[in-house]
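Each protein sequence line maps, in turn, to chains A and S.
Per the numbering used here, the first sequence starts with residue 1, numbered consecutively.
Per the numbering used here, the second sequence starts with residue 1001, numbered consecutively.
Worth double-checking, as some hints may not be accurate.
[Unchecked claim] Residues from chain A that face chain S, not an exhaustive set, calculated with beta carbons under 7 angstroms:
(1) 1
(2) 4
(3) 12
(4) 27
(5) 110
(6) 168
(7) 170
(8) 176
(9) 202
(10) 251
(11) 253
[To be verified] Stretches of chain A that chain S covers, calculated by requiring three or more beta carbons in the stretch to come under 8 angstroms of a beta carbon on chain S:
(12) 70 to 80
(13) 158 to 164
If you are wondering where the hints come from, they were derived from the structure by calculation, not from laboratory data.
Glycine is no exception: its CB is placed at the ideal position from the N, C-alpha and C atoms.
So the chains spell out like this:
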Amino acid sequence: MMHRRARPLLGTLVEVRAQAASATAFDGAADAAFDAVAQVHALMSFHEAASDLRRIARARAGERVGVHPHTAAVLVRAQRWARASDGAFDAGCAPRAVAQGWLPPPDDGAPPGALPFEDALEVDGSDVIVHAPVWLDFGGIAKGYAVDLAVARLRRAGVRSGAVNAGGDLRVFGALEETVHVRSPFDASALWPVAALRDAACATSASGAVAARIPATGDAPAPRSVTVLAPSACAADALTKIVWLRGEGSVALLRRSRARALVVRADGSVWQS
Amino acid sequence: MTSHRWLPFPDRRVLAGAGLLAAAAVPAVVWAATYSTADEAARRSFKSATAFADVLVAPSPDDAAALAAPGSPPHGALRTIEARQGDTVLGRVIVDSVVGKFELIDYAVALDPAGKVLAVEILTYREGHGSEVRMTSWRNQFVGKSAADPVHIGSDISNISGATLSCTHVTDGVHRLVAWAARHPMAAKAAA
């Protein structure tokens, strides 16, 4: 039988859906999945002064900051995406998001300089070596990582098939192919059936929060929403930001990442890879 | 084995005509998901409980005003479920609803006797057009309905990606309930 639960986490609605023999078996598995998401939230929230991200933000050049293995893992992935996209993926964008009012101004001293976060920080085991101060914002990757972690917890608890959806960053697992609907960026009540996934993930970024973090560029009509299908939610999450900025220029990276993108632009035109 | 593919997508000319966008989409006037009942949420939060008691609390005028969202009329009766183990009070679950821009959310907050939040669980989530959500008549159509009722046109849609939905209203609601609970602490022992 299919069971469902939802909690408000990561600033959005996190839904866990799973095929389970009994409600009790499902509850235990779902508790573990929600705990994992809550842990990622606590470690990587820019809003919480005690989070690993804010501890890094307060560090001076040359300091070593001990972080949770999950934080180190997300930072390693963020740096990999930054390098693979020639800096299009920028987890050091918190000062810009703060300046535009999307994140609250932290009490962590002056905003840092312009050194890219992938060069300013070095991951050494579960330590982060701060070469230059950085305000990290994992808004473009932590949600996907949390979804992957929640799926791993469900599997470890013996769940064979199900799905985790954190406000639109979702991953399905198990034998069945599932349809994903994407919310129209023009009308939140309209849902488009766009993709079929099996053991795969989907993430969508829409204008608003993304636009605040990614500087406007060039001449092509601005995207209104970017949807990425990928093997993991973390990859799908990060790639939506890269495709937002690079558009068709991200084809090679998408292919290498075994991912596909759908861009809906402000003028209603569509690009698919 | 991981696999993903696009389904046939509406022609770009269809999308370009903003007026036709809705026609290309599932007519999900209402999308809803029922996740849990309040009783299930109570049993999950208080696994060692031997008894649960439904307690309907009529808030004082001051409390009713403080419990309401800004700009909303005073809050009505509060549904609470007290959890006990023998005569020891373990805590309570408070059931409430919040109205957002596009959504109406029923949720339950589990609190220990000191008022500390143990868990917040979404019970039912319903989506509509912004104007509908604020209409009492629209909200009333759900009273006593379950996910199986035909009004939930989109309830078979399982995976929705897209513009992130905010849970800010739930968070605000939880803060109001926590403040109320702090003003109305529970006795450690149940009255006989």
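Results of checking the hints against the structure:
Taking 7 angstroms as the C-beta contact cut-off toward chain S, the hint placing residue 1 (chain A) at the interface is violated, the least distance being around 14 angstroms. Interface hint at residue 4 (chain A): satisfied, since its Cβ lies 5 angstroms from the closest Cβ of chain S, which is below the 7 angstroms cut-off. About 5 angstroms separates the beta-carbon of residue 12 (chain A) from the nearest beta-carbon of chain S, less than 7 angstroms, and the hint is met. For residue 27 (chain A), the interface hint holds, the least distance from its beta-carbon to any beta-carbon of chain S being 6 angstroms, beneath 7 angstroms.
Interface hint status for residue 110 (chain A): violated, as the beta-carbon distance to the closest one in chain S is roughly 29 angstroms, over 7 angstroms. Hint status for residue 168 (chain A): holds, given a least beta-carbon distance of 4 angstroms to chain S, under 7 angstroms. Contact between residue 170 (chain A) and chain S, as hinted, is supported at the beta carbon level, the nearest pair being about 6 angstroms apart and thus within 7 angstroms. Hint on residue 176 (chain A) is violated. Least Cβ distance to chain S is approximately 11 angstroms, over the 7 angstroms limit.
For residue 202 (chain A), the shortest C-beta to C-beta distance to chain S is roughly 5 angstroms, which falls under 7 angstroms, so the interface hint holds. Hint on residue 251 (chain A) is violated. Least Cβ distance to chain S is approximately 15 angstroms, over the 7 angstroms limit. For residue 253 (chain A), the suggested interface contact is broken, since its CB lies about 16 angstroms from the closest CB of chain S, more than 7 angstroms. Counting residues of the region 70 to 80 of chain A whose C-beta lies closer than 8 angstroms to any C-beta of chain S gives 0; at least three are required, and the coverage claim is violated.
Given a C-beta distance limit of less than 8 angstroms, the hint that chain S covers the region 158 to 164 of chain A is violated, as 1 residues qualify and 3 are needed.
Hint violations for this structure: numbers 1, 5, 8, 10, 11, 12 and 13, all remaining hints satisfied.
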